[in-house]
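Each chain, written out:
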Amino acid sequence: MPLVKQGRITTDLFVHVADGAELPGDGAVLVSAERFLADPEALLRRPGKTGVIWPNNRNLDDLVPHLDRLASVALVFPTFRDGRAYSQARLLRERYGYDGELRATGQILRDQFVFMTRAGFDAFEVKKDADADAFAATMKRYSVFYQPTGDGRVTALNRRMQLRHSESAGQ
Amino acid sequence: MYAYDELDRTLINERVSEFRDQVKRRLSGELTEDEFKILRLQNGVYLQLHAYMFRVAIPYGTLSSKQLRRLAHVARRYDRGYGHFTTRQNIQFNWIKLAELPDALSDLAEVGIHAMQTSGNNMRNVTSDQWAGVAPGEIEDPRIWSEILRQHTTLHPEFSFLPRKFKIAITASEHDRAAIKIHDIGLRLHKNADGETGFEVLVGGGLGRTPFIAKTIKPFVHGRDILSYVEAILRVYNQYGRRDNIYKARIKILVHELGIEKFAREVEEEWKAMGDVGLTLDHAAIEEVRSRFSYPPYEKLPHMPDELKQAAHDPLFERWRKNSVAPHKVQGYSIVTLSLKPVGGPPGDATAEQMDAVADLADKYSFGEIRVGHEQNLALPHVAKCDLPQLFKALDRLGLATPNVNLVTDIIACPGLDYCSLANARSIPIAQELTRRFANHDTADLIGRLHINISGCINACGHHHVGHIGILGVEKNGEEFYQITIGGRADENAQLGTLIGPAVPYAEVADVIEDIVEAYLALRDRPEELFVDTVKRLGVEPIRERVYATR
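Line order of the protein sequences matches chains A and B.
Heads up: the first sequence begins at 1 in the working numbering, then just goes up one per residue.
Heads up: the second sequence begins at 1 in the working numbering, then just goes up one per residue.
Next up, chain A with everything else stripped away, as it sits in the complex (with noise of 0.2 Å):
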């Protein structure tokens, strides 16, 4: 499965680590929220980067307290219809200040790129290859954004505002 991060296909340099798996000495493990909570120190202490798999029905109360010590969190699609990621994103983001990597993982298609990105994601692992190719042409699908999200992508409002300024600004 591609992982695409900035833009790009790139080489995942986390281990997924299943629950009750030994985990490599060193290196970056991805692991679950329970096996996470279990021992968050022990985890963090290890070398090499830690990230969380966080489910999309587990509140995000006990993950924050950790955010600034783990470079990933992955939210989980477990069908492309399932959208209850989107909103953990936008609050990991937008009120929890999060800046590591946040990887969008299951049933990832073209069609939630754009979405993804404005809720937050900046890494994916994509389900198909032809999708993960198209992941740059498909970012370039929208020019026109009507919410402000945490993306900091300029309004469609906004936008009209700042015509309807310089307008009257040149008069």
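FYI, nobody ran anything at the bench for these hints, they're computed from the structure.
Every residue, glycine too, gets a C-beta built ideally from N, C-alpha and C.
Treat each hint with caution, since some may be false.
[Stated by the list, open to error] Cross-link-like lysine-lysine pairs, in silico, DSBU-like; alpha carbons within 35 Å at most:
1) LYS191/B x LYS128/A
2) LYS127/A x LYS385/B
3) LYS165/B x LYS127/A
4) LYS191/B x LYS385/B
5) LYS385/B x LYS5/A
6) LYS128/A x LYS97/B
[Claimed, not checked] Here are some of the chain A residues that sit facing chain B, going by a computed Cβ distance under 10 Å:
7) GLY48
8) ASN56
9) THR79
10) TYR146
Position chain B relative to chain A; hints supplied.
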């Protein structure tokens, strides 16, 4: 009318290109039908019994003549020459070909029409009063707020994959013509004690197999805060709405399971925690949207022109005028409803020729503007009273002057088993038979205001729960049966109807409805007492006794 600017047009065109790519990927097999299903639903494309069905949005029910002509073009070029106006200010085409859909969308985009979010588990087309901006006594034009919400809900990056569909309706009149109490969010524009404009926010209304009337979650939310408050509701719903069972996934179930007080606390907490996220609408932002609405250059016209006095001698004109013409906020003008419920016809259908002709009449008599109401009728919102006699003649020739607006034959019906893959029973032939039984307009006048709503299955697209008489098609041992309720209503006093007796087979439905109407005529205490008021005063029992005594 709201005039789209370059940004709105760009976004619609970008959506068409995206959809074209999605169709291409489906046709090449790159997308499975399962994957494509979600994508096509986000753009109004259903797979029905015989073909794909294509639902096009008419935001808050406002159309220009140019747009209506383009809908006629789509009906003619890509469909079978007609369209069906729905109960949520949309139009459906029933025979569209998948490969041609991108072209149809592209043709529509040229006049600022789209199909975004007319189906799927997202925020649907925002609906409003079809008389918005012209009805006397409005707080203000609710379309300004409908448009603000339309933009905000379009391709929303957080709420495009909700547990289930999500519908918002807005009214600004005392009399609710937008049925806000049967919506996921209902917004009633009003002013607080300080004279500031805001909304009573209702939540959790909806029909389907578990019908609920919406409850007030907050009596007053200031206009500037409406986007953030709606966003808070959506965020709570997106996270906690059920996803394990589609029949329990609507927000009404969440509100019911938590109770309105607890749900309101959750929303309040989320709303407070949001802080300033750029959603507060300042005066300039609201005025920016308001400035894109244009209003006709009304003339100063007499209240009672000579043309109207003369035409009053024509009984056919008079009957139509009394039935279909409503007061306008500007003196000398009227709002004219065009009945899409001819005797023997399927409710809400219009042919391409009718659409073109209505567009011409709108240009001639209504400043080029047409409205679409949830009752599946059209309206011309700005007709000078002196033009009414001429307009009547033209509409009569087109079969659009049936004087039955709000009467027993002004039936709301879903497409039913004739088109829909979900239906258990037919709706349209029941409606057609009823219009024939009550074809005598004098009888219909005598009966007075009476709304019959028909759904072909429990999903309740015909809003049967809130019909004064509701008819629900069910299947029993492979046969079509119909449950009948009375006393429902969808207005400001919204209420669910009560079952009147055992379900009856297809062939008996019209007889039972006739008997119900006869019982009402015998029981009402004066001719002005409406059907629904008689049911309220007496309860169901006396009517049940009369109707079922001999059955």
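>> Of all the hints numbered above, which does this structure not satisfy? Sort the numbers upward.
In response: Checked against the structure, the hints that fail are numbers 1, 2, 5, 7, while the rest are satisfied.
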